[in-house]
Amino acid sequence: MTGFECSDESTLDFERIVEFYRPRIFRFALASLRDRDSAETIAQDCMLKAYSAATGFRGDCSVQTWLMGIAVNLIRDHMRNRRLQFWKRTSGAPLPLEKIAGGESPESIAVLRQQVESVWSAAEHLSERQRTVFLLRFVEDMDILEIAAATGMKEGTVKTHLFRALRTVRFRTQGAPAL
Amino acid sequence: MTGHLDHDRISLSVLGEATDADRAHLGACPVCRAEVEQFEQALRGVRGSVREWGDREFAIASAAPKPLYRPTLTAGSMAVIALLALLAVRFPTSRTAPAPAVASDYAVSDYNDAELMAQVSADLARPVPKGLEVLLPR
Numbered sequence: 001m002t003g004f005e006c007s008d009e010s011t012l013d014f015e016r017i018v019e020f021y022r023p024r025i026f027r028f029a030l031a032s033l034r035d036r037d038s039a040e041t042i043a044q045d046c047m048l049k050a051y052s053a054a055t056g057f058r059g060d061c062s063v064q065t066w067l068m069g070i071a072v073n074l075i076r077d078h079m080r081n082r083r084l085q086f087w088k089r090t091s092g093a094p095l096p097l098e099k100i101a102g103g104e105s106p107e108s109i110a111v112l113r114q115q116v117e118s119v120w121s122a123a124e125h126l127s128e129r130q131r132t133v134f135l136l137r138f139v140e141d142m143d144i145l146e147i148a149a150a151t152g153m154k155e156g157t158v159k160t161h162l163f164r165a166l167r168t169v170r171f172r173t174q175g176a177p178a179l
Numbered sequence: 001m002t003g004h005l006d007h008d009r010i011s012l013s014v015l016g017e018a019t020d021a022d023r024a025h026l027g028a029c030p031v032c033r034a035e036v037e038q039f040e041q042a043l044r045g046v047r048g049s050v051r052e053w054g055d056r057e058f059a060i061a062s063a064a065p066k067p068l069y070r071p072t073l074t075a076g077s078m079a080v081i082a083l084l085a086l087l088a089v090r091f092p093t094s095r096t097a098p099a100p101a102v103a104s105d106y107a108v109s110d111y112n113d114a115e116l117m118a119q120v121s122a123d124l125a126r127p128v129p130k131g132l133e134v135l136l137p138r
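Sequence order for the protein chains is R and F.
Using the numbering used here, count along the first sequence one by one with no gaps and you end on 179.
Using the numbering used here, count along the second sequence one by one with no gaps and you end on 138.
Worth flagging that the hints you see were computed from the coordinates, not collected in a lab.
From the three backbone atoms N, C-alpha and C, an ideal C-beta is built for every residue, glycine too.
Hints may contain errors.
Unchecked claim - Each pair of labels, with its calculated beta carbon distance range: (1) R76(R) x L15(F): 40 to 48 Å; (2) A28(F) x R76(R): 23 to 31 Å; (3) E98(R) x A28(F): 20 to 28 Å; (4) V80(F) x E98(R): 27 to 35 Å; (5) M79(R) x L83(F): 49 to 57 Å.
Claimed, not checked - Sample of chain F residues lacking proximity to chain R, with all beta carbon distances greater than 12 Å (derived): (6) R33; (7) V46; (8) R47; (9) E57; (10) A88.
Unchecked claim - Listed next, the stretches of chain F that the computed footprint assigns to chain R, with coverage defined by at least 3 CB atoms under 8 Å from CB atoms of chain R: (11) 18-28; (12) 50-56.
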């Protein structure tokens, strides 16, 4: 299943949408906030918001892009609130690296795992917008137009944030100072 | 080969935004090509790991008992407080309420202090509580 056709709002089968997209929204929120409880709340709120706004969905974009757009806003609000709750720190959860493998030697797998860990660690230090476009592009596999629609940014702005995000990640993983 | 691609140009190459000159350089330079491929591989590794982590955490979150949804909990608490406040206004309790059931045997209002103390002393002198006296051997 690749997604839902959304040309007609009356065809939105919300039960299926929740079943199909909730894990994705949860994953995106988890990667953004690195906290399971927060991700669960975001995924739940996202579905509630989508349900109440379903009649306003015109099908200009895919259901995934529409839901990601709602999630992006919820995550932004959540992060702003969390900034005030300075006592409620969430630790960066370790990424499971066991399945990173291939046909390479144990040494090269170890190097790759280290690089993945470095990229993941560097992504934590990106600005909110950079992290959002970085995750949408490299984890959720969305293209520039979809990211622009989900974030409400212009295509050029998305490209700029993406380039800066990638450059920062590269600098950090190479041990060079970020600009 | 003079001058490899810098961080910016490698990043642009990963994004598919390399210039023709950079593409030509990548075609001819194994070092830069390896850099780009390594970076792309690391990004693919992040994707795979995050997806696996997301699936795992989602399964845990779905299996865990659902806590009461916060707004519901807040609304419920406020409703209970409002109800209690209403009851308190409509049925005010007297400050001179009789003593609780423990002292019911002493019928508070009918005793003066001396009589009350005498009855308490008599009760304390019983070998067993009053209700259990029927069980004593006669």
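Verification of the hints:
{"no.": "1", "hint": "R76(R) x L15(F): 40 to 48 Å", "result": "violated, 24 Å"}
{"no.": "2", "hint": "A28(F) x R76(R): 23 to 31 Å", "result": "violated, 44 Å"}
{"no.": "3", "hint": "E98(R) x A28(F): 20 to 28 Å", "result": "violated, 37 Å"}
{"no.": "4", "hint": "V80(F) x E98(R): 27 to 35 Å", "result": "violated, 48 Å"}
{"no.": "5", "hint": "M79(R) x L83(F): 49 to 57 Å", "result": "violated, 37 Å"}
{"no.": "6", "hint": "R33", "result": "holds, 16 Å"}
{"no.": "7", "hint": "V46", "result": "violated, 5 Å"}
{"no.": "8", "hint": "R47", "result": "violated, 5 Å"}
{"no.": "9", "hint": "E57", "result": "violated, 5 Å"}
{"no.": "10", "hint": "A88", "result": "holds, 34 Å"}
{"no.": "11", "hint": "18-28", "result": "violated (count 0)"}
{"no.": "12", "hint": "50-56", "result": "holds (count 7)"}
In the structure shown, a violation is registered for the earlier hints numbered 1, 2, 3, 4, 5, 7, 8, 9, 11, in ascending order.
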